[in-house]
Amino acid sequence: MDSLLEMRDMVKHFPVGKGLILSRLGGTVKAVDGVSLDVAEGTTLGLVGESGCGKSTVARLMLRLIKADRGEVIFEGRDILKLVRKDMQVVRRSMQIIFQDPYASLNPRMSVGAIIMEPMIIHGVGNREERLQRAEELLERVGLQPEHLARYPHEFSGGQRQRIGVARALAMRPRLIICDEPVSALDVSIQAQILNLLKELQEDFNLTYIFIAHDLSVVRHISEEVAVMYLGKIVERAEHDTLYNSPKHPYTVALMSAVPLPDPVKERERQRIILVGDVPSPIDPPPGCRFHTRCWKKQDICSEVEPPLEEKAPGHLAACHFPENV
Amino acid sequence: MGNNGDKLLEVKGLKTYFHTQEGVVKAVDGVSFDLHRGEELAVVGESGCGKSVTALSILNLVPDPPGKIEEGQVLFEGKNLLEMGDKEIRQVRGNHIGMIFQDPMTSLNPVFTIGNQIREPILIHLGLNRKEAKQRAIELLEMVEIPQAEKRYKMYPHEFSGGMRQRAMIAMALSCEPMMLIADEPSTALDVTIQAQIMELIARLRREKNLAVMLITHDLGVVAGVAETVLVMYAGKVVEYAEIDRIYYNSRHPYAWSLMRSVPRLDEKRERLMTIGGSPPSLINLPSGCSFSPRCPFAEDICDGEEPPLIEAEPGHLSACHFAMDFESHGREVTS
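Line by line, the protein sequences give chains A and B.
Note that this note's numbering has the first sequence beginning at 1, numbered continuously upward.
Note that this note's numbering has the second sequence beginning at 1001, numbered continuously upward.
Just chain A, with the same shape it has in the complex:
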C-alpha cells in the first residue's frame, strides 16, 4: 500500500540553557534522534511512549510546526520541509491536529462557530453562508447541535470540547489527522465516546490517523500499526496484533506488563516485570542501546553498540541485540 505520509531519518535537538548563566551547561535535548515512520492511507499508526520520549515532537515535525534539524517528511509524494510558504499553506489543509487538552486548545474568547470557521476563512473557502452551513454540518457530524455555534467553549464539558476540536480539524476535509493524546484528559466514560467517533469518521472520510498516546490499551483499540518510542528513537514497530501478542523489544514487554488490566483474576495471576529507575535524561542519553540502563537482559554489548532497528520477523521491526519472542 502507498504511504500517505513518510518521515525519514528525522532529527530534532533542542538546545538547553540559552542565556548567560545556563549557557555553560550547554548540551541539547535529543528529543527526536533518527526517526523513520510511514502510514498508509486510510489506516491508523499508533505512536506510544512515556512522557519525554519525543512522541509529541514527532507530531509537530510531521506537520512542520517546528523546524527539523535533519530528515524528510514526504506527504502526498513531496518533501514538505522543502516547500515554500505558499505551497506549504495549501498542504496544511490536508493535515490537521487534535490536541490533548480540550481546555487549552480552544480560544475561550471565540464562539464555537468562529473556532470551526477560522480555518475556512484562513484558507479562503466559500462565502459566509457556505462556511456557516459547513460549520453546522460539522457540529452535527461530531454529535453536537447546530445551535451550539453561538456558544463559547466554557459552556461545554471536556468531552464536548474535544468534539469541537474534532469538528475544527475536519473543517478543511483533511486526509491526515494527527491525534496527540486526544482522550487522556477525559473521564473514563467519555473516552469511549470520542474513540468511537474517531473510528466512525475514519470510515466515513477515509481519514489517516497518527494516534499518539501513552496508553497502550487505547492505542491497541484504534491502531492498525503501532510504533513504540523510547528516548527519541523508535524501538519497535509492527502490526498491532503482532506487537501485542509477541513483543520483541524488552521495553515494549515491560511497558505492556506495567499496564493494569481491569480484571482482578488476571491481575492476581499475572507476573509483572517492574522496571527499575526512571527514564534517563535525553540531554545525555546512555551510550549503546538507550534502554540498557533499565533492561533486565542487558549484556556488555548493549552499552557499547547501538542495536539497529531491523526486521526480526516479517513486518516486525525491533532495535534490540537480544529480542524476546524469537
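Treat the hints with caution; some may be incorrect.
Said to hold, decoys possible - Simulated crosslink set (PhoX-like; lysine-lysine; CA at most 20 Å straight-line):
1) B:1269 x A:266
2) A:86 x A:67
3) B:1079 x B:1012
4) B:1134 x B:1151
5) B:1079 x A:199
What the hints assert, rightly or not - Calculated Cβ distances over 10 Å to all of chain B for the following chain A residues:
6) 16
7) 29
8) 36
9) 50
10) 51
11) 69
12) 103
13) 137
14) 152
15) 172
16) 220
17) 284
18) 315
19) 322
Unchecked claim - Output of the computed footprint for chain B on chain A, the stretches with three or more beta carbons under 8 Å from beta carbons of chain B:
20) 181-193
21) 259-266
Keep in mind the hints are simulated off the structure, nothing from the lab.
All figures in this text were calculated on a predicted structure; none of them were measured in a lab.
In this text, a Cβ means the ideal position worked out from N, Cα and C, and glycines have one as well.
Based on the hints, put chain B in the right spot on chain A.
Just chain B now, kept in the frame of chain A:
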C-alpha cells in the same frame, strides 16, 4: 465488607456540601463504608463524583468556607474525628492516618529539602531529637527504595523525578507508622512504568505493616490488582459497594457495569466500545430520581421519579439501583 480483622474506620452517613454563589454543591451526599485493619478499599469514580472530598472529610480537611461537613460520623477506632478539636485531630493526621495526593510536586514545599520535610512530622509527632529524626528520615527514604538516601536527603523537590517525589510523599505519610493510608490517585500523574513501581511499593508496605489503605482512583485497571473491596461513587453517592470480584464480574449497577465495558483493554481488541451517553451531571442541579438515569441504558419510568435506595442485592453486595435484585434479567430484557 471484608472481615479480615477488626474495624478501623467507620464512615456513617457523611454529607459534605459546598456553599457557592451558584448554589449548594452536594459533593458527598450520604456516604457510608467501613475499613478494617490491613484491608485495601478502592473508591472508584469519575471526576466530580465526590471521592476526593470523601477522603478530605475523613481528616476534616475540607476548606471551610465554602465547604461544610453537614452530617455524619467518621469513627476511627471508635472515636468521631469530626467532633475532635484542632489539637486532637492533628494527632490523628500523620500519626494514625497518612495521606498522599495525586500531584507530588504541588504537595511538596519547593523551598525546603526533601529531608527537612520528611523530618518535620517525625519531630512533631514522635518527639525524637534532630539527629535521631534525620536518621529515621534516611531509613524511610531507604524503605521507599530511593537510592543513595543520604545524598537525596539534602536535595530539593525539583531535583527529584515524578516517581521519586511520590516515593518521598509515601515516606512522609508513613513516617509516624500510621495504621491507615489514604492514597488519592497516587499514580495518575505518573508514567505507566513508574505507576507500576509505586503501586508495587504501596502493596509491599501494606503487607509489611498491615496498613489499611483507602485507594482513590478513576482507573479500573489500577484497582483490579490490589483492592479487596470496591466502593463505586457517582454524583456524590455510593452506587455500588462489594468485594472486588463481584463488582468486576457480577456488577449489579448499570454504571459500573457499563464502565467496565467502555474501557479499551490491552488484552483484547474490541471493534466498538460500549459508550455511556452524555456526561456526569452537575452536582448543583441533579436529575430527579436516580442521578444516573439520564445516561442509563436500562432506565425505566420509575428511575426518573424515584431515587433508588442503597440495598443489599445479595449478601455483602450493595447497589443503588431499582433493578439491583434482578439486574441480569432486566438488562437482558432491555437489550434484546
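A quick look at each hint next to the structure:
{"no.": "1", "hint": "B:1269 x A:266", "verdict": "holds (16 Å)"}
{"no.": "2", "hint": "A:86 x A:67", "verdict": "holds (17 Å)"}
{"no.": "3", "hint": "B:1079 x B:1012", "verdict": "holds (12 Å)"}
{"no.": "4", "hint": "B:1134 x B:1151", "verdict": "holds (12 Å)"}
{"no.": "5", "hint": "B:1079 x A:199", "verdict": "violated (54 Å)"}
{"no.": "6", "hint": "16", "verdict": "holds (15 Å)"}
{"no.": "7", "hint": "29", "verdict": "holds (16 Å)"}
{"no.": "8", "hint": "36", "verdict": "holds (25 Å)"}
{"no.": "9", "hint": "50", "verdict": "violated (4 Å)"}
{"no.": "10", "hint": "51", "verdict": "violated (6 Å)"}
{"no.": "11", "hint": "69", "verdict": "holds (26 Å)"}
{"no.": "12", "hint": "103", "verdict": "holds (13 Å)"}
{"no.": "13", "hint": "137", "verdict": "holds (22 Å)"}
{"no.": "14", "hint": "152", "verdict": "holds (17 Å)"}
{"no.": "15", "hint": "172", "verdict": "holds (27 Å)"}
{"no.": "16", "hint": "220", "verdict": "violated (6 Å)"}
{"no.": "17", "hint": "284", "verdict": "holds (15 Å)"}
{"no.": "18", "hint": "315", "verdict": "holds (18 Å)"}
{"no.": "19", "hint": "322", "verdict": "holds (19 Å)"}
{"no.": "20", "hint": "181-193", "verdict": "holds (count 7)"}
{"no.": "21", "hint": "259-266", "verdict": "holds (count 8)"}
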